[in-house]
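Participant: Chain by chain, the residues run as shown.
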Amino acid sequence: MISFVLRRLASAVPTLFIVVTISFFLMRFAPGGPFNLERPLPPQTMANLMATYHLDQPLWSQYVSYIGNAVRGDFGPSYVYKDNTVAELIGKGLPYSMELGFYALLLALFGGVLAGTIAALRQNSALDFLIMSVSTVGVTVPNFVVGPVLTLVFAITLSWLPAGSWGDGSLRFLILPMIALALPQLAVFARLTRGSMIEALHTDHIRTARAYGLPARTVVITHAMRAAMLPVVSYLAPAAAALLTGSAVVETIFTIPGVGRYFVLGAINRDYTLVMGTVVLIAIFVIVFNLLVDILYGLLDPRVRHD
Amino acid sequence: MNDSRETILAVRDLKVTFTTPDGDVQAVKGIDLDIKAGETLAVVGESGSGKSQTMMGIMGLLAGNGRVAGSAKYRGQELVGLPLKALNKVRGAKITMIFQEPMTSLDPLYTIGRQIAEPIVQHRGGTFSQARARVLELLELVGIPDPKRRIDSYPHEMSGGQRQRVMIAMALANDPDILIADEPTTALDVTIQAQILDLLNSLQAKFGMAVVLITHDLGIVKHFASRVAVMRRGEVVETGTTADIFERPQADYTKMLLAAEPHGRKASPAETAPVMLEGRNVSVDYATGGGLFGKKAGVFRAVDGVNIRLKEGQTIGIVGESGSGKSTLGRALLRLIPSSGRYQFGATNISDFGRSAMRPLRRQLQLVFQDPYGSLSPRQTVGEIITEGLYVHEPQLSRAERDKRAIEALKEVRLDPAARNRYPHEFSGGQRQRIAIARAIILKPKVVILDEPTSALDRSVQGQVIDLLRDLQKTHGLSYIFISHDLSVIKAMSDYVVVMKNGKVVEEGDTDAIFEAPRENYTQTLMNAAFTA
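First to last, the sequence lines map onto chains U and A. Sequence positions in the first sequence follow the numbering used here and run 106 to 412. Sequence positions in the second sequence follow the numbering used here and run 4 to 536.
Quick caveat, the hints were computed from the structure, so don't treat them as lab data. Each residue gets a CB set at the ideal place from its N, CA and C atoms; glycine is no exception. Honestly, I wouldn't trust all of these hints.
As the list claims (entries may be wrong) - Rough simulated footprint, nothing fancy, chain A against chain U, three-plus residues with beta-carbon under 8 Å:
id, stretch
1, 260 to 274
2, 311 to 322
3, 394 to 408
To be verified - Restraint-style ranges between C-beta atoms, simulated for each label pair:
id, chain 1, residue 1, chain 2, residue 2, range
4, A, T194, U, V409, 29 to 37 Å
5, U, Q228, A, H428, 22 to 30 Å
6, A, K258, U, Q228, 42 to 50 Å
7, U, L235, A, A40, 50 to 58 Å
8, U, P362, A, H428, 54 to 62 Å
9, U, F215, A, A66, 27 to 35 Å
10, A, T291, U, F234, 47 to 55 Å
Unchecked claim - Residues of chain A clear of chain U, computed beta-carbon distances all greater than 10 Å:
id, residue
11, G79
12, D110
13, Y113
14, Q253
15, D288
16, G326
17, R366
18, R382
19, T384
20, Y394
21, T528
22, N531
Using the sequences and the accompanying hints, generate a full structural model.
Facilitator: Right, dumping it as structure tokens:
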């Protein structure tokens, strides 16, 4: 087990390196730069800025010094939010994104699994049809539509909930963004659960459990559910990484001061260091959650246990 | 015989119906059966006879689209239509079941100890740790070695035979009145089969429960059952004591089933017959483990230094249990997998032939697989399936000529030529195997390797396929390598037999010599398991 974790962490190093390298060069090949504003700067100012940030040096030497600094945890200053380093920006925004994402993940996971299980147990009934239709809507309608609609109905028309901002961080403020963030993932979880649950209910060992007089609840929860959770758990890693690192759309609509915005803003502004910082952040989340999920998977399924 | 015994399960006018998109299908058409205390009743029939569905119906285990009607009274209590709560007090306690598929009938996610304990806790109360002592006792009883250690094993850590023993332990846990065994040994090797049946027999003698043995295998019936019910197309055609059924069968269908055991012998080819295919010192290795961060890489030798000489018109039967390397050997001889050794096809040394060098020879070296369901593409018509090889080997043929060849091939395997416009799923298992054979012979091959071609088929269908293969051999002068675990089929088909175990040849010789005077212990064990059962 420990050696499994160590091996996986060791293999994360080359993965991260490749991700950083590809995004570094992709970003630089995009036209424009951090200081190409709508009103061009005087050439002298531009040259000064370029020299200050070492952007006048050859690309490979910039790459080498970026890697060198990154290894020591220094991701450089943001080119656009000039008073802040990238680490400061992410450090400030991440707790907001993670808290919101964590609630959204819980909602998506439990809501999705519950809805999917009910649909599977009532396969081809009206309820099944309803749940699956709603989840199709959840997957297909983008959250830049869901977000404003939720605001319109619950904040403006009904005035039940605040329309946006983190406020005092109480649940009231978080409910709408949480729903907007969770809905597409909830729908995916519901569909996955339904499919794998239906499959699990038709296996031979479920027939065995029924043949031995186990009550329906035990058959479903102890035997079918555990098998049905395996594909759901596999999807948990990308879902968790996506939700916990924030969403540009949802954070913008509900004015949440998280890190999700930085990825898009950074890309638009050619804020090289900020984009690189968020890329590294997302990559680390993906790697860590994949590892956690693999461990969890081993606990659920003895056939893939890591000894 | 046994008529004085009390009837504990009385089945009357039992019907099982399935709702399908094509309308209702009646799988069981109103049957009567009596099961008496302590007896062994065999319910015999071929696939689709409704023998399993009868029991599934009684036990409330039908698929979602199935429903049961009629009456099944267990000691006076009606089971058909019984509410689930009440039914759950009977099943797993008074009436228990073991199934055909030992590999999948246990939950892969729980230890076997916990799974055996589940019905104990359910029906007798108590906790799982209290049930542990009883589970150990049961594991001991069914002959699991080292139960203290094995109790915490997961199903995937056990062999098929051991899993079936675990199922039997589970079935015995609550001292049942009736044990229903649904094809309990069909998925197991012959030697294991015999062990499991012996175990069931001795446990029945010890505990005195009634056993309902559902099977298609008449050999098992003869040896283990006291009474037999023969089923066909959802009806019981004949019931009687085992002796009566075997010695004085009344129904035509029973007579046909008894006669369907493969029979006939094949004469050896002439001494002077030319050698068609020869493999010397054939070995196949598979890598195990490995990978970038994986465990230490190892090598598993699936076939170990085997010599085979196939003459024109000869049939060599290769027999062995699962994992003996017999199928791997067949593929190695056709140069389909990497292997070492010297290979000769006719006058050509093909030892160093790669894919492209082998291609022109492929039409003369054909292969027919076991699974008639998996080996035909469901999205091609039968005509497309059987003519596909012609595109490669005789690309000059026109469309009309190809069609003509397809008609000829289908006629040869005794299928209606109109079949070429239909899809595989419209055919039965036996018909599909004929299609697979047509696909091989349309190329006019010299050598055909038949890998368990009859194993997935019912006995009566098996006999027809064997007859067909024999006729084709005579008409076209084919040479066969016939791979099978089924000794009676090997005996009927081949003139020379090779017995394999763990990748090595244990014994080989002319069929008569092997079957009448096996020299090696292993061959004798195989024979005993297959012919006394």
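Participant: Does the structure break any of the earlier hints, and which numbers would those be?
Facilitator: 1, 12, 13
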